[in-house]
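Visitor: Sequence:
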Amino acid sequence: MNQSHSSGPRSRRRFTTREIAMAGLFAALTAVGALITIPMPTGVPFTLQVMVSLLSGVVLGSRAGALSQLIYLVMGGVGLPVFAGRSGGLQEFVGPTGGYLIGFVLAAWIVGRLTERAQRVSLWRGVTAMLAGLLAIYIPGALILSIHLSPLQRAIYYGVVVYLPVDLLKAVAALLIARGLEARGIARPGARPSTGTVH
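In my numbering, the protein residues as written are 1 to 199.
These aren't lab readings, by the way, just hints derived from the structure by calculation. Note that the structure is a prediction, hence the values are computed from the model and not measured. Every residue gets a Cβ at the ideal spot worked out from N, C-alpha and C, and that includes glycine. Hints may contain errors.
Restraint ranges, calculated between C-beta atoms of paired labels, are given here [what the hints assert, rightly or not]: (1) G185 <-> L123: 17 to 25 Å; (2) R13 <-> I38: 36 to 44 Å; (3) Q119 <-> A21: 21 to 29 Å; (4) R86 <-> R14: 16 to 24 Å.
Could you put the whole structure together from the sequences, leaning on the hints where they help?
Guide: Given below as structure tokens:
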């Protein structure tokens, strides 16, 4: 009697084959982004992971975007050298970059939630989502970095302020790529169908 009522919500929670495949693709792209590494004296290197994690949220939506970054963390957690500096292993999650790794998952989910219901990602919505995504990376990143680089104010300066200008450029790049994909007719999960209006 309750079968039809319960099957609807459950079916919505299942990942489609396409979502799983795209999540795997973005996990691989995040790993590639980690290969482009410029070491920094703070122990937190410059990479393209931030850009890919933000982009995954826009392109895949909150659930599949977060899944892509979870897959990436699992890959690194089991020892594959997919983290910055070609490192891997569970110890990375308690190292200087551990909070940023966790933040990638949060950022993808938040960016996805803020953009997935819109027919198109407007400039205002996109900028808001990207800034929220950066905050989702920076907050756990700075907190865990402060364990290795105390006090917290010092961790915020060297783990956030120093990287902010470049990370803003990465966020802009992710937004431009997402809007470019939209302009080519590549639909985003959860986007409202077009009504023929022009934005």
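Visitor: Using the C-beta atoms of R13 and I38, is the stated range 36 to 44 Å upheld?
Guide: Since the Cβ atoms of R13 and I38 sit about 40 Å apart, the hinted range of 36 to 44 Å holds.
Visitor: Return holds or violated for the Cβ distance of R86 and R14 against the range 16 to 24 Å.
Guide: 35 Å, violated
Visitor: Is it true that the C-beta distance of G185 to L123 lies inside 17 to 25 Å, as the hint says?
Guide: At 19 Å between Cβs, range holds.
Visitor: Return holds or violated for the Cβ distance of Q119 and A21 against the range 21 to 29 Å.
Guide: With a Cβ separation near 24 Å, Q119 and A21 satisfy 21 to 29 Å, so the hint holds.
Hint violations for this structure: number 4 only, all remaining hints satisfied.
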